[in-house]
Structure formats: C-alpha cells, structure tokens
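S.K.: These protein sequence lines map, in sequence, to chains A and B.
Every letter in the first sequence is one number past the one before it in my numbering, and letter 43, counting from 1, is 67.
Every letter in the second sequence is one number past the one before it in my numbering, and letter 21, counting from 1, is 23.
You may find that some hints are simply not true.
Said to hold, decoys possible - The following label-pair restraints were derived from C-beta to C-beta distances:
| # | chain 1 | residue 1 | chain 2 | residue 2 | range |
| --- | --- | --- | --- | --- | --- |
| 1 | B | G261 | A | F137 | 55 to 63 Å |
| 2 | B | E38 | A | F137 | 39 to 47 Å |
| 3 | B | A137 | A | L45 | 52 to 60 Å |
| 4 | A | N107 | B | D144 | 47 to 55 Å |
| 5 | A | L294 | B | N79 | 52 to 60 Å |
| 6 | B | P47 | A | F137 | 44 to 52 Å |
| 7 | A | S306 | B | R211 | 58 to 66 Å |
| 8 | B | G74 | A | W31 | 38 to 46 Å |
| 9 | B | V27 | A | I192 | 26 to 34 Å |
| 10 | A | R225 | B | T245 | 27 to 35 Å |
| 11 | B | K227 | A | W31 | 20 to 28 Å |
| 12 | B | E142 | A | Y181 | 20 to 28 Å |
Hints listed in this document are in silico derivations from the structure and should not be mistaken for laboratory results.
On a predicted model such as this, the values are computed, not experimentally measured, just so you know.
Where is the CB? At the ideal position from N, CA and C, for every residue including glycine.
Single-letter residue listing:
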Amino acid sequence: MVKLFKWLKKYALLIVMLLLLAAPSVTSQYEFYVVQRGVQNAIHVLGLLILIGYSGMLSLGSAALLATGAYTYGILLVKVGLNPWVGAALAVALTTFIGTGLALPAFRLAGPFLVVTTVGFGEIVRILILNMEPITGGAYGLAGFAKLLPSTRWVYYLMVAALFLIAIAVKRIGESRLGLALKSLREDEVAAEVMGVDVRRAKMVSFALSAMLAGLSGVFLANLTGYLSPDSFTAAESASYLLMVVMGGMQSVTGAIVSSIVITSLPEVLRFLSSSRLLVYSLVLLVYLRLNWVRTGKGSLAGLMKTLGFPLGTGRAKDRS
Amino acid sequence: MVGSTNTAREVLNVKGLTKKFGGLVAVDDLDINVKEGQICALIGPNGSGKTTVLNLITGVYKNDRGVVDFAGQHVQNLPPHTICWKGIARTFQNIRILSSQTVFQNALLGKGYGNGGVSILQTALNTKKYREATAACTEEVDRILEFVGLLDLKNEYARNLPYGKQRILEIARALITGPKLLLLDEPAAGLNSQEIHALMELIKRISERGISILLIEHRMEIVGKLADWVFVLNHGAKIAEGTFDKVKEDPAVIQAYLGRGGR
C-alpha cells in the first residue's frame, strides 16, 4: 500500500497529464468545456503557486492579469488585425510587464496591506475595461477574434502540452536556488537579505513569472470562450484562484493542477443541487481545508493565516528584531 | 582607496556612527574597528545598542550619521544583500533560520539569490550549465557543513534540530557567504556548557581561517577566553575599549555593567 502510494506520488504529474489527454474522448461537449477551463485555470494557478506558495506574497488581483492577457490578445486581433500567434506573444509580454510593476508596492508592503493593493489593482483593471468601450467593448464584451489553432480540440492539446512544460519548469524552479531564495522571502525576509538575497529582485522575478503565466492563461481563455466580458474578471474570480492554490497544498505543482480542475468543475458537478449548490460547495471546501490542515498540523486559523503569508499581528514588510 | 598600511589591516572601521529612534539615541557617535584576523567583542548592559550596531553595519537599519568602512570601502547604508556580497555575514540573536527547509537548504541560502549566474530558463530546462553550477554549490555547502559538524544532519528539517545545532547552522549559513568579517549576535545564548565549549572551539577555528569576528556576548568567561579586543557600550556610547583584562578593571565598566563582584 505504501509502495503504491509512493509510486502514485512519483508519477502523479504524468498520470494527471495522461488523464487530461484522454479527456476529450470520454467527455461530452459540455464536460469537455469545463475540463478545458480547468486546464486553462491551472496554468494561471501555477503562476500563483510561485507568487503565493513559494514567495508568500498574497495576491487577490490575479484575475486582472488574466484579463490583461485575454483582452490584449482580443484587442490586438480584432482592432489591430494581428496574426493570432503574434497577438498571443505580445499579450503575454504586456501582461508580464504590467505584473512586474505590481512588485513595486510589494517592496514596502506585506501581508494584508499588499492584499489590499492587489485587490485595488484588480478593480482598477476591471473598471478600465468596463469604461474604455471603444477599445474593449465595455459591458458588451469583446468578440470576433480568431483562435491560435483552427479547432478547439487542438487548442486544448496545445494547452495541455504547455501545462506539462510549465509544471516541470515551476517544479524545477521550486527546487533550485532561485526557488529557495523565493521561499526565504516567505519565511524570513530579513534573514534572506542579510544572507545576500536581493529581495527586490526576487520579488520582481516572482511577480514577473506569475504574471507571465497569467497572461498565457488569459490568451487561452480568449481562445476557449471566443468572447470576453469584464464580468469574468471580478474579485470573486481572484479569490477562487487563491482557493485553488491553497487547496492544492501551496507547494505542490501536481496538487495545484488537480485542485484547479476540481474546483473549476465542482460548481458544475453540484449543479443538480440547484439553489443549495453554493452552500454545499462552500461546505465541501471547508471540510477539505479543515481535514487537510489537521493532517498537516496547521489546524488553527493562525496557522492558515501564516501559511497564506500574513501571520496575525504583523503588517510591515519587516520585523527587524 | 585608502592607501596606508595601517588602514589596510583594518577590516572594519566604524567612525561616528549614530542612530536615533525618535528621541532615543540608540547609538551615539560610536567608533570601533576590527583588525584582520582579530576576535573582537561588543559588551554592555541590555538595551545599550549592541544589536543596533550590528544592524547598522549590515545595512538592516540606515544610520543617521557616521561612516562604516569595510576593507577600505564605504558600506554604510547600502542594501543588506550588497553588504553581504562584500563580505560581512552575521547571525541573529533570535535564531532566524528557515524552519520548514532542510539543513542543507538553509545553508545553501548563504549562496544568495539566483542560481549562480544561470538564467531562469536554463533552470527550467535543467541544462548542463545549471546542473554543473548546482553541483559546485552542493559541494561547497557540504564542505562547510562538514567544517561545522552538521554534515550528517544535512537532510533533516531545520525545525527538528536542537537549539544548539540551530545556532551552529546559522553560523554555517553565514560562513557560506564567504565572509571576511563575521558578526555573531549572542551565539552562546541558550546553550548548555558543553555546547558553549564546542561553540568556542568553532569560533577559534573560524578565526584561524583568517575570518575576523565581532561578537556580542553576555557571558564574560567566553569574552575573556576568546576576545582579543573588547568594546564596552552603555546607552549607545562607547565607555571603554581594550583587552578584556584591562576593561574589566575599568571603574566606568564596573559601574555600568559588570558590577562589583565582576569576574
């Protein structure tokens, strides 16, 4: 039994990938769409894994970066008429650039203060999209852009391939010295900087990598839905991305992928409960979190808060005693 | 550059260092200097500003006035990681290790940010260059861990180590940065007499490697045995300096810190 467990753990990523490759053949069209969204979310969540799980900087504005990626792609195709691949590359680049800028407040802020900043950023982007109607389509949304590949199925395979490569990359970064430097930010910033970790650079890298993946995920989102609306990028969306990271175990790449897909599909799976759906949804998540945290010995609220990157009672970026 | 042979032998030269927290003068016009290969001690009553001095030297705090010269270069008010790269490493009074990482990873943190000039892309692709850089690093970390005697605990989580070993681990991490000057903030706090003995041996061995040491310590037997030169602080100002035997007879030091029954 233990052996089986170890084996499963070792090949977990591969197994998940094989299941994803098989998904289009065994699911109905609607179920397939949910899986696609799950994979697309997973790419975004792997970025958040670097930012939140490794570096301990909590962002609740990640949907805005997703929106930046998706809208840039859409606008470049519809209004400028670029080739989809060029549009995708530019969208990822722009999102990375903007996301890296988000690191600037993180130089001085930590914990809840940084969270508030990211929430603010998320709202600013959403409201900008809503109001810049000539460019973004405003509340009517944006439609009419081409896909990267002609069929949805091929876009899906491209996404799964990208997810696989990204998962390996994120895992390797986590195990490298760079990953260690990022994790040291979460655990003890002062110790890190005194040991020669360039804290600002590490924070920028963390934000840049996570924004890059958010941009990529946004491009895929535009490809999947073919229609973009500001309603898909609310603060509630950002919160559910955070949830995906937390449920995935904060450190585990495979965990993040599985939790992204499960949480994306959970509302659909529970649809038969109709109006009590949200209630059950929350309950399932709470029970899981509770069990998970009891198992890992972090059963308290304080433990959860600390894991989320802001231990209760500290607000400033540095405790220097 | 400061050319004279006299200053060249000084690793650390602090002049007129001043730090105020609001109305409180934590460090007041302080001069200290540490010569190459020396073990110096910074002593004084609680709240006399000893740890603040270390925080100023390592750039954790910005100073209000004064000069910190290290190996002939101004280092005051540089970012802490830059000061670390120049060759000043430190440990903390309350141990600051990464408790959820292994001993090896904690020590590895001493190599600083990044992958030794290997890009993120190469890390992600696991290229030969990245693997070589990592292997070189691992070897170096292993050597230091062996030097301090923690090699057999390499894969243990840092939080599982006994307190004394955690202190040693912090020293190992500081050594891996390749320092010329090592600042130790109460390294013996909370250790039992056996551990203190081992710690003193270790400090001597570090000193023999040509690394200068400035330590803060409250246990006078350690200061007496290790320190070549002692600075005494009271209310942020230096009230005496000299060899320990001389300083302990100083009436001002006895009055402020050691007391009449002083060792």
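S.K.: Evaluate each hint against the coordinates.
M.R.: For each hint, the structure was consulted:
no. : hint                          : verdict
1   : G261(B) / F137(A): 55 to 63 Å : violated, 46 Å
2   : E38(B) / F137(A): 39 to 47 Å  : holds, 44 Å
3   : A137(B) / L45(A): 52 to 60 Å  : violated, 35 Å
4   : N107(A) / D144(B): 47 to 55 Å : holds, 51 Å
5   : L294(A) / N79(B): 52 to 60 Å  : holds, 57 Å
6   : P47(B) / F137(A): 44 to 52 Å  : violated, 36 Å
7   : S306(A) / R211(B): 58 to 66 Å : holds, 59 Å
8   : G74(B) / W31(A): 38 to 46 Å   : violated, 59 Å
9   : V27(B) / I192(A): 26 to 34 Å  : violated, 55 Å
10  : R225(A) / T245(B): 27 to 35 Å : violated, 44 Å
11  : K227(B) / W31(A): 20 to 28 Å  : violated, 56 Å
12  : E142(B) / Y181(A): 20 to 28 Å : violated, 44 Å
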